[in-house]
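S.K.: Sequence:
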Amino acid sequence: CRDWFQLSLKEGLTVYRDQEFSADMNSRGVKRIGDVARLRMAQFPQDAGPMAHPIRPESYIKMDNFYTVTVYEKGAEVVRMYETLLGKDGFRKGMDLYFERHD
Numbered sequence: 004c005r006d007w008f009q010l011s012l013k014e015g016l017t018v019y020r021d022q023e024f025s026a027d028m029n030s031r032g033v034k035r036i037g038d039v040a041r042l043r044m045a046q047f048p049q050d051a052g053p054m055a056h057p058i059r060p061e062s063y064i065k066m067d068n069f070y071t072v073t074v075y076e077k078g079a080e081v082v083r084m085y086e087t088l089l090g091k092d093g094f095r096k097g098m099d100l101y102f103e104r105h106d
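For the record, in the sequence shown the residue sitting at position 100 is 103 according to the numbering used here, with numbers rising by one throughout.
Cut-off 25 Å, straight-line C-alpha distance, at most; resulting in silico cross-link-like pairs (SDA-like, lysine to any residue): (1) K13 with I36; (2) K13 with M54; (3) K91 with D38; (4) K65 with L12; (5) K91 with M28; (6) K13 with H105; (7) K91 with Q9; (8) K34 with A45; (9) K65 with T17; (10) K34 with R83; (11) K65 with Q49; (12) K13 with Y75.
For the record, the hints were derived by calculation from the structure and aren't laboratory data.
Input sequences plus hints: build the corresponding full structure.
M.R.: Structure, rendered in structure tokens:
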């Protein structure tokens, strides 16, 4: 990460890529159902409680408070949303450009 505020981009993208790899290797539908179930069981309650926070915080006191399901799982869902909005080809072009510039 260039800075701690990129944590969700880095970790969310990693979780998303792992989810996609697992879906390609196994049953995509079953994998997605499991991912959504995990999101509903762990991340939704966090978002509804006192530990709620955005995936990209404006500020922080202690960074270790941000290794949460919101950063990882919700971050992956935001990456998935980009793919949905941009389409597979547009998303791939964006990812190629991102890796060319930052990897």
